[in-house]
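A.B. asks: Construct the entire structure; sequences and hints are all you get.
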Amino acid sequence: MIKVLIRLNFFYENEDEIDHFVLMVKNGTSFDDVEDELLKAHKYLCEDNDTDLYRRFGRTPLTLIEYVCKKNGWKYYDLEYDIDLNFD
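Just so we're aligned, residue 600 is where the sequence shown starts under my numbering, counting upward by one.
Accuracy of the hints is not assured; some may be wrong.
[As the list claims (entries may be wrong)] In silico lysine to any residue, SDA-like type, Cα no more than 20 angstroms apart, as pairs:
| no. | residue 1 | residue 2 |
| --- | --- | --- |
| 1 | K670 | L684 |
| 2 | K642 | K602 |
| 3 | K639 | D649 |
| 4 | K602 | Y675 |
| 5 | K670 | F630 |
Hint data in this document are derived by calculation from the structure and do not stem from the laboratory.
All figures in this text were calculated on a predicted structure; none of them were measured in a lab.
C.D. replies: See the structure below:
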């Protein structure tokens, strides 16, 4: 498995939602493959379809990443920082 660090930024209904994930993909999967899959899946989930996932679970990065992982046999983890500082 290959580790890919993902940052997804959703802007929807005047709200910004950003999330970070560690995505584990199959060997031989390129960063371009991951990006293409995320873009295609987001476009699909935005359309009327049988899954209706964005309506049921929210149009969020988590909904997208869970859908893509289930579809492709990938795994994801929340990105946790060793150090997280906020300065004013």
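A.B. asks: Against each hint, give a clear statement of whether it holds in the structure.
C.D. replies: How the hints compare with the structure:
no.	hint	result
1	K670 to L684	violated, 35 angstroms
2	K642 to K602	violated, 24 angstroms
3	K639 to D649	holds, 16 angstroms
4	K602 to Y675	holds, 9 angstroms
5	K670 to F630	holds, 17 angstroms
When the structure is compared with the earlier hints, violations turn up for hints 1, 2 and for no others.
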